[in-house]
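Protein chains: 2
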Amino acid sequence: MKNAVYLQSGGPTAVINSSFYGVIKAYQENQGIDVLYGSRFGLQGLIEDNLIEINKEKDYSSLTKIPGAILGSARLRLKDEFDPLLDQILEVVKKHDIHYIYCNGGNDSMDTGDKLTKFFKRVNYPCTVVGICKTIDNDLCENDFSPGFASAVNYIVKSTMEIALDLKAYKKGRVTIVETMGRDAGWLAASSSLANRYNLGPDLIYVPECAFKKEEFLEDIKRIYQEKGKVFIVVSEALKDENGEYLFADTNNLDSFGHIQLGSISMKLCDLVKKELGINTRYIEYNLMQRCASHIASQNDITWAYSCGYNAVKFSLENKVGVVSIKKKEEVTYQLVPFEKVANHVRHMPRNYMNEIGNFVSQKGEEYFKTFIDDSFKIDIPEEFR
Amino acid sequence: MKNAVYLQSGGPTAVINSSFYGVIKAYQENQGIDVLYGSRFGLQGLIEDNLIEINKEKDYSSLTKIPGAILGSARLRLKDEFDPLLDQILEVVKKHDIHYIYCNGGNDSMDTGDKLTKFFKRVNYPCTVVGICKTIDNDLCENDFSPGFASAVNYIVKSTMEIALDLKAYKKGRVTIVETMGRDAGWLAASSSLANRYNLGPDLIYVPECAFKKEEFLEDIKRIYQEKGKVFIVVSEALKDENGEYLFADTNNLDSFGHIQLGSISMKLCDLVKKELGINTRYIEYNLMQRCASHIASQNDITWAYSCGYNAVKFSLENKVGVVSIKKKEEVTYQLVPFEKVANHVRHMPRNYMNEIGNFVSQKGEEYFKTFIDDSFKIDIPEEFR
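From first to last, the protein sequence lines are chains P and U.
Position one of the first sequence corresponds to residue 1 (the numbering used here), numbered consecutively onward.
Position one of the second sequence corresponds to residue 1 (the numbering used here), numbered consecutively onward.
Check before you lean on any hint, since a few could be wrong.
No copy labels: a pair is met if it fits in one copy or bridges any two.
Capping the alpha-carbon separation at 30 Å, the derived lysine-lysine pairs in DSS-like fashion look like this [to be verified]:
hint, residue 1, residue 2
1, K314, K94
2, K274, K240
3, K172, K65
4, K56, K378
5, K79, K228
6, K171, K94
Simulated from the structure, these hints should not be mistaken for lab results.
Could you build all of it, start to finish, from the sequences and the hints given here?
As structure tokens, this is what we get:
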């Protein structure tokens with residue numbers, strides 16, 4: 001018997017279950033794996049022997065329409081390749097004759113894949129571990145973009161355009177600050193610039209790759225408010241000042257991976273604007289919706305996520321270890337790269353994707369984001385109402 | 001010459017422009033109106049002579065896909081039927097030979113329609129005013145539901161289900177509190193109960209029609225958290241205590257209609273839960289998205305909004321004055337009711353649409369909300385992952 005297990009970890013996306021479906025389809029279509037299991041709650045299921053057997057005949061295609069991590073996720077981190085939890089995992093893996101493990105997650109999960117690989121090598125247990133990327137943040141190294149990102153872009157661009165139309169209702173408006181996720185990378189906030197192709201985008205965009213200067217921020221707002229009577233801004237959840245320190249962050253509040261808990265920056269910036277400029281404000285957080293709005297998921301993203309899962313199984317059957325990464329030249333291809341190249345690194349947005357002063361996306365950045373334009377973005381406003 | 005003007009006021013919805021399209025279509029298909037104008041920024045355009053001529057031949061159907069108030073809205077209120085602004089309006093109306101006015105808005109706008117009607121009668125100028133309802137809040141009297149509501153329900157139910165799937169990812173979760181709009185009526189928050197038909201709804205729902213009791217709220221949370229390890233709650237933006245006072249409201253902060261500014265109640269309730277129970281929390285506001293997400297607008301809602309606009313013109317050509325209201329028995333019909341019956345009143349959700357303790361929707365309430373079920377809500381989760 002040669003069995004396999006698939007597990008999900010980190011924050012869910014609108015398409016991580018499409019990667020799961022890709023794994024299932026490859027299992028169903030290929031020889032080489034006798035039983036495929038899904039692990040409940042990531043690594044936890046592998047530790048506690050909480051596995052679900054996947055039916056080799058059944059149609060699981062509805063998974064491509066379901067957001068969240070359907071098997072359950074966990075934010076469990078292995079200390080190192082000597083972590084005692086690994087002995088528990090070995091027991092479960094041996095019990096079920098598991099020789100292939102697919103880890104679907106972000107850079108923390110690729111770190112897990114790396115440690116699992118080193119551990120199995122050390123204890124001389126034959127097990128091929130392949131990583132499958134997912135993150136809406138688009139911050140995984142060795143990937144031209146990450147599965148999950150394009151769907152979040154879809155949600156962000158469409159919502160930004162719809163909000164822009166809503167804000168047009170009033171002659172004299174407020175300063176509206178919209179907050180995206182993205183952690184230390186500005187990809188998500190910057191993607192909102194796609195809305196500007198339809199004249200329905202923000203006036204200003206701030207990302208962590210550009211040092212946030214309070215005075216310039218307030219000057220930008222004052223100038224645009226004087227001109228237009230309202231200002232529409234998109235910001236990343238994690239802005240940093242000139243010393244690289246998080247704006248308004250609570251350094252006492254860390255998650256189980258030791259990351260600072262982010263959020264509510266739009267509200268705090270609104271407070272700043274109200275206090276310093278005396279202008280009415282409104283903050284909007286795209287919150288969980290940006291990562292789970294499968295009703296508006298990108299069809300391309302579903303295909304890419306699916307293909308990452310499918311290729312992970314193919315690579316594993318060739319006994320190749322590593323992370324399936326997405327490369328895009330003319331076509332999208334799926335390549336295997338070493339775990340260490342993805343694990344624990346952050347792929348920041350290049351600084352020149354933003355303009356020099358750092359308050360909007362540059363032409364170079366627009367070039368990049370064009371990949372994610374969707375026909376459904378088009379909006380046909382009769383010209384007398386533009 | 002007998003001309004007409006259409007104006008939008010109050011907060012935008014995903015389908016107010018569909019009502020505009022209904023007015024345009026009736027204008028294009030019927031005799032009786034020579035020129036139809038759109039007033040820029042509601043009453044403001046009528047005061048300042050800022051009108052757009054609508055083309056009698058052109059296809060304006062794209063308006064049904066555009067959220068926001070495309071002509072611009074205003075939150076201007078006429079003091080009474082002797083307001084000096086009315087003399088300015090009379091001048092503009094006479095100048096353009098306007099004898100039909102269509103006011104598209106909420107209960108404040110129906111008040112405007114009432115004052116306009118009384119004023120024109122007093123000065124003996126022949127002008128027929130017809131009101132067209134719109135509000136996502138569903139709180140307009142004499143309507144079984146309001147144009148705009150069903151699309152907001154679509155957004156709320158789908159997002160609630162998607163968030164529920166996202167929250168399933170972690171075994172041990174937090175207390176998640178989602179906030180809907182709705183002002184003094186709980187319709188929007190209560191509509192989230194539709195998600196429970198798919199087992200993806202909230203555990204608790206709180207609305208302004210049920211007095212909020214802090215102790216019971218905390219007890220509800222404690223009980224469910226002990227049982228499930230997480231709690232999912234939907235609340236209206238305006239909860240009231242047993243004395244009828246707004247929770248956490250800032251009574252110094254009023255809008256131009258004298259209404260208290262609401263918002264951020266989910267954040268404040270999260271603070272309360274953290275402080276009193278020491279449980280991690282997350283607040284989510286559906287914010288402007290719930291009223292402008294035209295990408296997920298209800299097709300029925302578009303039809304209803306369109307028909308209200310269309311019928312407004314038909315009634316006016318019969319010289320009938322009043323508000324087009326929606327009645328639903330087996331079929332949806334459009335009837336004219338007097339302005340005073342809609343103006344300035346609030347249609348609360350009946351108390352028996354909630355259960356006795358007031359923390360969830362009752363069977364009676366579910367009966368009502370069934371009208372708004374959309375086939376697209378269906379989600380097919382393979383049974384081994386439920």
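Verification of the hints:
1. K314 <-> K94: So K314 and K94 pass the 30 Å test inside one copy only (22 Å; across, 77 Å).
2. K274 <-> K240: both (21 Å within a copy, 27 Å between copies)
3. K172 <-> K65: Intra 41 Å, inter 24 Å, cutoff 30 Å: inter-copy only.
4. K56 <-> K378: between (41 Å within a copy, 25 Å between copies)
5. K79 <-> K228: between (54 Å within a copy, 29 Å between copies)
6. K171 <-> K94: Result: close only across copies, 25 Å inter versus 68 Å intra.
Violated hints for the displayed structure: none, as all numbered hints are satisfied.
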